Each structure stands twice: as C-alpha cells, then as structure tokens.
Amino acid sequence: MNRMYKTFCALLLALLPVVAMAQIDGEFVKPRNGKFLLKNATVVTVTKGTLANTSVLLENGKISKVGTNLSSDGAEVIDCTGLFIYPGIIDGGTRLGLVEVSSVPETVDYADVGNVTPNMQALTTVNPNSEAIGVTRVSGVTTVLTVPSGGLFPGTAALINLNGYTPDQMYGGFKAVAMIFPSSGRRGRFDRRSDEDVKKDGEKALKEANDIWDNAKSYLELKKSGATLAYFPEMEQLSKVISGELPLLIEVNAASDIQQAIKWVEGKNIKVIFTGVAEGWRVADEIAKAKIPVVTGPVQELPTRSSDRYDAPYANAGLLAKAGVKVALRTDDEENVRNLPFHAAFAAAYGLGKEEALKAVTINPAEIFGVADQYGSVEAGKRANLIVSTGDPFETRSQIMHVFIDGYRIPMSNRHIRLYQEFLERSPGLKAN
Amino acid sequence: MKKHIYLIAAFLGLGVGISQAQVQKGSVLIKNATVLTVTKGNLESSDVLVQNGIIIQLGKNLTAPAGVNTIDASGKYLMPGIIDAHSHVGLDVVNEASAPITSEIRMKDVVNPTDMGIYRALAGGVTVSHAMHGSANVVGGQNATLKHRWGSMDPADIIMQDAPRTIKFALGENPTRVHGRGNGIQPRSRMGVEAVIRNGFNEAIQYKKAWETYQLAKNQKGNTTPPPAYSERLQTLADILDGKIIIHCHSYRADEIYMLINVIKDFNIKKVVFQHTNEGFKVAPEIAEYTMGASVFADWWAYKMEVYYSTAFNAAILQKNGALTSINSDSAELIRHLYHEAAKTQRYGGLTDEEALAMITINPAKQLGIEDKVGSIEVGKQADLVIFEGHPLSSYAVPQMTFVDGVKYFDIKKDNNDQRQWVAATEMVEPIFLRANEEAHRCMQDVDAYFEAFQGAFLKEKH
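Going down the list, the protein sequences come from chains A and B.
Taking numbering that gives the first Met the number 0, the leading residue of the first sequence gets 0, the next gets one more, and so forth.
Taking numbering that gives the first Met the number 0, the leading residue of the second sequence gets 0, the next gets one more, and so forth.
If you are wondering where the hints come from, they were derived from the structure by calculation, not from laboratory data.
There is no bait here: all hints are sound.
Now the stretches of chain A that chain B is said to cover, found in silico as 3 or more residues with beta-carbon under 8 Å:
1) 97-103
2) 295-305
3) 308-320
4) 338-350
5) 395-409
6) 414-424
In the BS3-like style, the derived pairs of lysine-lysine whose C-alpha atoms are separated by at most 27 Å in a straight line are:
7) A:K262 <-> A:K199
8) A:K321 <-> B:K413
9) A:K430 <-> B:K319
10) B:K269 <-> B:K365
11) B:K269 <-> B:K207
12) A:K353 <-> B:K412
13) B:K220 <-> B:K208
14) B:K372 <-> B:K59
15) A:K270 <-> A:K325
16) B:K365 <-> B:K380
17) B:K412 <-> A:K321
18) A:K430 <-> B:K264
19) B:K75 <-> A:K353
20) A:K353 <-> B:K413
21) B:K30 <-> B:K59
22) B:K269 <-> B:K380
23) B:K208 <-> B:K270
24) A:K430 <-> B:K269
25) B:K243 <-> B:K207
26) B:K270 <-> A:K430
Bear in mind that the values here come from a model prediction, so they are computed numbers and not experimental data.
Idealized CB from N, CA, C, for every residue including glycine.
Isolated chain A (complex conformation):
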C-alpha cells in the first residue's frame, strides 16, 4: 500500500506541471465552459448510493446524465478510471470573498457600523478575484454561504459558487438574514467583563432584539395595510423574515442561549437556521424537538468550557445528528475554507460517521438552504458542481484532480500552487550567478 502510494506521489509530482496546465509564456488558463464526459469513475452520488464504473455527462452547466455506456457525442472526454466523483462540497458558513487580509481593515468588509443593519448585503461585497477563492475551490469546496457579522442583525448572507467574474454570476440562489443572538457567554480570553455585566448585557440585548422585532412587525402590518411608510431599509429587510420570504440565520452557541433562542423563535412562524451551536450537544434533544436545522462548526475548535471533554467540539455534530437534528458543517473561516473536508473528517471520526459527515457538507446544507434541487448530490438535472479525486476527499493524502463549477472546468491552479512551481527548484539556487 505504502509503496503504491509512494509511486503514485512520485507520478503526481512528475505530472504536476502538466496537470497545472502546460503553460506557454503569457498564456493564462481560464475556467472553461463546455460539454464534458467524465468517464468510468466511481460516482459517490450521496443520494443514490455509490456507482462503480459510471460516467457523468455535463452540458449547459448541468449534470445531464449519470450512467454507464454514455456516448461522448461531441463532449470532451476526461478519463476518470480509478478516480472518484463527488458532488461539490458546500460550506454552510464562511466570510469567503468578504475579507482579503484579516488584519488590514481596508480589506475587511464583513462588518459595518451599527447594531441593526440587516439590509447590508454580503453578496455586494463578494470579491470574485479574492485569492482565497482560487485557493479554496481546488480543495473541492465549490459553494459557500458567505455571512456578515458584527452587531445584532449584521446583514444578509448569500450562497455563492466559487467561479464567476461578478457577484451575480457567483450567486447560488439563497439568501438569509443573519442574527447574532444575545449571548450570556464570553467572547474569549480578552472579554474581561464581570459575570454580572455579562448577564446584564445579555438581557439588555435580548430586550433590544424584541423591541426591534416588534417594530419590524408593525412595519410589515402597516405596509400590508397600504400605509405610506418612510424609508426604513432595516425594517424592510427584517419584514421579509417575518413574512417568510427570507430565513433567519441565528448565530447561537452557549447552551442557555440556545434554549433562550428556541423559546424566542417559538410562535414566530419564521424560517430559522441555527448557526455555530458550539454547545449544541448539551441541549441536542431540545433542538431536535424544535425541528430547527443547524449549521455547526468549526469542528477543529477548542471546547467552550475548561471542564468539557477535550473532544466536545469534534463530537458535537455527531451528538446533534444522533438526537435527530439536521446538521450541516461550516468552517466559519475566510482564507482556510479549504479545510472544510478535514473538519468533516474529524466530525466523522468522533461520532458522526463517514456517510453522515459527507451529507453534512453536501446534501444537508443544500436542503437546509432550500436548494437541494440544484446542489448537494450527483444527479441528472442538478447544477454541474462536482469534483474528481484520487480517493476520499476528506483524506489529506487524496488529491483533487478536477473541479467543475456550474459546468465550468476550473483550472487546478492558484497562487499557492504557482509559488510551489516557481520555488521548488529555485534558479539561481544557493550561490549568486
């Protein structure tokens, strides 16, 4: 096994420059649209089992056929013998495209001034040319929810595909208003408020949330009754949540906050998704009973309490799923969204299981976001978002060979890979010319 693997690695290394496109000076390889036949792969459909020696035909941006003996019929044939096809991996919560360099405020666009700014649109600020997008998509993550953060209602999140030249070309057909639920927890080591202040701040914030909510309700009622209203963009956006047009993403992590949030949602008759849910395992049954789907993560994270088992964050997704909660995973990251498959592996190893972990980054987020007709599995009729890998994409030793997004064949290159190609054998080397 080991020797086989070594030979494979050597082969891969030898091929890397070729794989990463035999570039001619001045030539740039762009994502390419077309008709592609991915031939003779093992297809892990996620929803319809795993199919051996199966081919997948991509045309017009869609998966048009999945089967054996498919005719190429003018399609570009890519031999996938010995390779695996998976649906594009979906990250249920990131800041991808909203920030370039975290410590440089001029490049940070995920948070604005104000506590109630649900009208702020993440999609507007997505930078299609962010280096992080190129770095992320070759890992097999093809689609992410990109989420604003900051105040109580920081803005509106958007699902994006990691290919395209404008935010609209990238838009994946799902938006939701983000809410950071008032918290009774500390924000970290540097949060030095007294216990009393933490509690007081939490109560104050919850009261504010309720006041705002009541205002938005009044706004909607007045609007429905045909009243002429002044310009309130925040209320306009929140009223879409109340009317059911947009779901509410509630970021909530501490167990008592989760319970509070479940109570807060009760009777509101709105579409709700919980995000974060770090201490979800403590109240998993209550979340399941409330039938609220969850986007949890990062999985590779420290426990929230000193007394917690060291593996509480690894095990959280598994415990939630076991209680009957629909679970998707997220990295909550910007530049290292590429690690989502590894977060999924950790969740799998600590209780979620491989099959459920795969669902948690494919079909589950698609269902939670209401776009399962387009995303999350390899099925005819769905968007042509899929990846071809040498093995389980959650394993670091597997290589992702091809990525397709909306039917575009993505060049398997980015700045990280180009730097590797330039500097692996530097010329001149040690000595000066």
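We have chain A already, so just place chain B on it with the hints.
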C-alpha cells in the same frame, strides 16, 4: 573561586536531582502494534518494552517482566510522542513587551502545570512542547521546553530540565507595531529590527570584553578595578554568541529571514531555527545551508499582511531543498491535531509518510536540541509514545493513549468529563468562552495594556 563553582554546581545538581526525583517514570509493554519508529522504518505487529521511562527493547514476542503492565495494541499504530516546537500552552503569561530586547526574561518562571491546554495536547498525542515567549520583542525571553507530565502541581516537574536553553527572537510586523508604532522607539521598520539585533550583539561583545578585562585585572596584585555592572540581559546575548542558546526566530517574510541569516553569519552564530517562516520557501537553499531549519504552519496564511504571499506547499519546498523542517501549532487548538497538520504536507507537496511524521517528531526534537532523548522510537530513548486508532496521517485517526516517560497520562477510555487539576476561585461559576479560538492565539497576548490607542483592534492581529 573554582571551589565555589564546584560547590554551586553540586548544589544545583542536588536541586535538579530533587526535582527530577519527583518525576514519575513508568514501565510498560506495548504489544502487537504497527510501530512507526520514524528513524528506523516501520515494524509490523511488534512490541515495545519500556522500563523506568526508557525504551529498552523493540521486537516480537517480548514478555513483560514481573510487575510490568502489558497493553495490547493489535491493529493500532504506535508512534513517538509528538513534539511541538512552537507553543504557548502551560504558560501564565506570554509577552514582556516592555523593551525591544528582554533576553533576561525566562518562561520557566511562568509555567503553569495545571493549564488545561496540556491535557488537551496530550489527548492529541503531544508529549513535548516548546513554551515560547511571545513575538512582541525583537529579542524576547528564554523559552521553556516542557514535558507534558499532567497532574503535577509543581512547575519544575513539567519542565524538561535536560533540554538546552532556547530564546525567542521576532522580526517584522509584531515588534515594529509594538515598539515603533506603539511606543515610538526603534524598531519601526525591518531596518530597525536588524539594527536592534546588531546593536544588541555588539553591546554584548563589549560587555563580555569588560568582564574578561576585569577577570584579568582582578588577578593582578593590588588591583582596585571594580567589576562591571552585571546585566542578565547582556549576559544572555553573550551566551547566544558563545553558542550556548538556540535562537528560535519568529519570522514571515523572505527578506527578514535573509537579513537574520546575514546577521548570524557576521556574528558566527550557528544555532538558529526560524519559526513560522511563511516565506521560507523563497530562501529555502539559504535556510538549508546556514541554519537549523524552519518550524512552520501547515497552511495558515492571509491573517495579516506579512503572510499574504504564503503557500501551503512551504513545508514541502523547504524539505525538498534539504532544510530541516517541522510543523508547529502556536495554538492551543492546533496543538491538538499536529498529526493532521503534518499530514497536510501530503496534500500539498506529496511528502512520504516518513517525511511527514518526522516533521512532528525527530525534526522538532533536533531543532530543540533534544534529539538524543526523544523524537523517535529507539532503544535508549525516553518512552514518550502515542497509540493511534488508524494511521496517524489519516484524517480519521484518533489518538488512544499517550505516554510520557512510560507513564500513561491520556487514555481515551478513561477520559473523564472534567479533567481540571485545579479550579480558580474566580471560576467557581465556570466561564463559557465562545469563539474559544481567540483564546488559542497567544503570540501577542499580554500586550494590550500597552496599546489602548489601538482600541482593541490591535488584538485581532494574531501570531
């Protein structure tokens, strides 16, 4: 005078002896494991016999001497304890950010053996960590190498007493922000960073010379020359020049790495390890030729300007250029899965299993100067061992048991809910740390008090 030195040495030896006497050493026979020795290949279904904290025999069908426990590791993997060459776990404070050079500071003075981070690291198979000063100063404090003997209340018990001295240096954004932009003193630029280091070493040379002159004069009859003022700060820099201390230098950009290489060449210093070294790949041949290599992140980038032009292939490029390379955590979170971080060198650069595992075992051991004691499974070495379910480089690997000196400090089957050794009075109502990851990044901890002008935004910049 000489007599005095012997006497002092004897007392010191006694002190060390006492503190080591309290360190528990175990005996155990681990059977039928796939033994990943790291330095001598893999041994299929083999046994490892440990007595009094030392590996004494490797082979098949070994039998346990009377009174020695046997652990059946059939179907499991056994590897050397993981070594993290860059950590802040087990420290109460991290930065003494009051001057650009604080070489007199010792992290041994702030070791906290009850830090939960130590147990969590053990649960990830990490047995040795390099508890470093932060990166606020150009020359920071002297680091402590820790052995994760969880359960002791005595800091001396978890300090690896026989590890060589190491010291933290830091280049680039952090020291220029803290001292130049924060306090209006040098360094404000990477030029200033070089100047601070050269000034420091030259002052140390003068200091050494003053003491040498005094020692000579003192032996003259009728001498009345008073001794020069003692400076722990300059003495430590002099010790670096004398090769008694290994420099571990926080660095990111290729230009600053190259600068320090030129400085050490000028001062004839050999013992330098670069830490983080995100752009090390650009000067890999120089790092390979003139230093003890680089200790890097597997894939961290873009969290600040000086790591924007990074590549996850850094470790692979360094390795293939012959630089001694290790993968570190600098994080209470990452330290929990360094085996997985090392595995990323297979995704990014196709390194072999042996190369990847060496990056978290024997390579960091060499960079800390402890490779004769730990870092591989060999007869005669200290029995720091980890049993894994699944190959440690698999994303699904789960550490099962971790041993330090043959004593089992982590066992997944006996892992209780609350592993705290000690609960502070202020934590009787246990705080919940949301986004606990913020807590994980401590390289710039303890510098906030100096920079109220930055209004906390400063603290977002980590590492």
